[in-house]
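Residue numbers (this note's numbering), protein chains in the order written: chain X, 1 to 255; chain P, 1 to 319.
Because the hints were derived from the structure by calculation, they are not lab data.
Quick caveat: nothing in here was measured; it's all calculated off a predicted structure.
Treat the hints loosely; a few may be bogus.
[What the hints assert, rightly or not] Mimicking DSS-like on lysine-lysine, the simulated pairs with C-alpha atoms at most 27 Å apart in a straight line are:
#, chain 1, residue 1, chain 2, residue 2
1, X, 250, P, 186
2, X, 250, P, 319
3, X, 52, P, 186
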Amino acid sequence: MMNIVVLAKLVPDLVEELTIDASGAALDLTFARWIINELFDDHAIEQGILLKERSGGTVTVIAPDLEGADDVLFTAAAKGADRLIKVRSDFSAANNHAVARAFSAIIKGFQPDLILTGVQAHNDLDGSAGPLLAESLGLPYVGYVSGVALADGKFMVKKEYPGGLIAEMEVTLPAVFGIQAAEQPPRYVAVSKVRQAMKTSSIEEMDASDLDLSGAPEIERMFQPEAAAHAEMLEGTPEEVSAKLVALFKELGVL
Amino acid sequence: MSQDIYVVIEHLRGQVADISYTMLAAARELSRATSGKVIAVLLGHNAKNLARDFAADQVLYLDHASLAEFTSDAYQKALAELISKDQPRAVLFGNTSIGADVASVLSMRLGLPLVNSCRSFTSEAKFISQICGGKIMAEGELPSPTALVTMVPGGYQPDQGKSVESPPVTESAVPALEALRVTLSKYIEPESADVDISKEPLLIAVGRGIQNKDNIELADALAQAIGGVVCASRPVIDQGWLPTSRLVGKSGKHVKPKIYFAMGISGAPEHVEAITQSDTIIAVNTDPRAPIFNVAKYGVEMDIFELVETLTETVKQAK
Ligand SMILES: Cc1cc2nc3c(=O)[nH]c(=O)nc-3n(C[C@H](O)[C@H](O)[C@H](O)COP(=O)(O)OP(=O)(O)OC[C@H]3O[C@@H](n4cnc5c(N)ncnc54)[C@H](O)[C@@H]3O)c2cc1C
């Protein structure tokens with residue numbers, strides 16, 4: 001019976017326009033929409049549930065108490081997570097060093113065999129949560145993982161290198177893995193199932209110890225990159241744009 | 001304590017990765033500001049000759065059978081000892097499958113500050129990091145005493161980190177690498193592919209904006225009409241809508257077609273680093289602020305689904 005913990009980080013949605021606050025050194029998060037670090041943490045949850053289905057065990061999903069956390073946790077429950085935990089603290093200004101220390105203090109108590117998290121998040125300025133958490137717990141870490149199996153009391157993980165090359169690594173238990181992609185695309189759950197999960201499961205709330213922010217660099221200035229160049233925009237109706245594109249294809253010698 | 005800049009060289013199966021040279025170039029710029037030396041740190045086994053073309057003042061070579069191939073545990077142990085002993089001003093790692101497994105762990109283990117995703121340094125030794133999918137840059141003073149830094153490509157040309165003269169190589173002590181918790185069992189080669197997108201002259205690339213598997217057909221139809229091949233960004237591949245051999249980006253293939261026609265791709269750094277060698281990039285996106293428009297030569301601010309069928313028809317008629 002494997003005891004699996006998945007750490008779900010929440011990040012500001014990049015689809016919304018990003019603005020820099022009055023200090024000039026941080027994002028203005030007043031109106032940020034916090035969503036799951038979807039590309040990777042969604043895959044971490046999926047990988048956890050796949051492992052549970054295959055080898056037995058329980059999946060605990062733990063998230064910082066930011067707006068949107070309940071959604072993330074109940075969605076995980078609808079997918080098959082057993083235990084949902086929300087950690088209370090002022091996370092909106094926290095860095096990954098602080099998150100890792102705070103979460104490791106809580107996760108230690110669960111005595112997990114396996115901890116999964118997304119390989120990175122787009123706002124990682126001081127390193128990624130996974131390896132920082134692993135070291136806080138004194139556990140081995142492998143990132144860029146796209147497959148986890150348990151064999152003869154050890155984990156066999158697939159670690160990705162560029163160009164599709166995979167390294168199969170053997171890792172002792174317990175361990176922390178940064179998930180790049182689950183073995184299968186994250187399953188879809190209908191809104192009705194999430195609503196049902198809201199009724200049948202509950203979220204435990206825990207308090208984090210004081211956040212220790214050390215280890216991150218100080219930011220003096222944030223800015224939007226000035227593009228060295230910007231595309232020449234082709235305007236018009238779909239027909240007009242198509243005609244312009246075809247002319248361009250001809251000019252470039254591919255038609 | 002020294003003012004030297006250490007660069008942790010990345011290599012895989014006998015091949016030095018481009019990011020290593022990019023970092024050597026970055027270290028040169030930084031070392032001018034700190035008045036230190038550029039020191040390449042090479043971990044391996046019988047791998048000394050990899051250092052031949054490093055543009056470094058010195059190479060520290062750590063040789064051990066357990067360092068023959070990259071594993072996180074062995075690299076962390078060997079580097080933790082070296083960094084605590086030498087206390088350089090900064091240590092550069094790639095923000096890659098290798099460097100990212102090591103840098104954050106060492107930051108916690110050694111209590112040293114970490115700067116992630118750095119793209120370049122200023123002449124006053126400030127770092128400039130790229131976050132939020134390339135939409136925001138963050139600048140700050142290089143933290144003290146020893147800054148651990150992970151670097152992304154784009155700020156320096158790898159060629160600037162190469163030298164025709166070989167640097168002096170000094171062997172450095174390796175601590176006992178025992179009871180390793182992570183070991184390499186084997187490499188699995190990439191699955192063979194029907195097409196090699198890195199050699200195709202005309203690529204129709206689709207991103208998350210394509211929405212679902214069925215819509216891939218729209219891109220296929222355009223590719224067929226024009227005589228190109230369909231490829232994709234990572235989310236499309238991870239959904240299983242196209243095979244891994246069609247992945248463009250950091251974890252997939254680098255491409256250099258005559259035309260790269262990108263539909264519904266935002267232009268995240270991990271994607272863009274692999275397409276900048278294209279002759280002409282054309283992007284279609286509903287978001288006028290999408291970073292892909294900063295690398296594209298031509299752009300269309302339009303919904304894919306309003307454009308693609310008309311475009312396919314126009315191409316067919318033009319033939
Ligand atoms: C270690 C690591 C390795 C990675 N390797 C790779 C890699 O090899 N390749 C890769 O691609 N990514 C890679 N990524 C992921 C990368 O960070 C981005 O998440 C990814 O490139 C985003 O893909 P996308 O542009 O398709 O999706 P999104 O960023 O979600 O962008 C979708 C875009 O489509 C537009 N859009 C939506 N609907 C429409 C419509 N109807 N018409 C027109 N436009 C529309 C939106 O405006 C948006 O700009 C990697 C990430 C990590 C951490």
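(request) Could you work out which earlier hints the structure fails to respect and list their numbers in ascending sequence? (result) Hint check: 1 fails alone, others pass.
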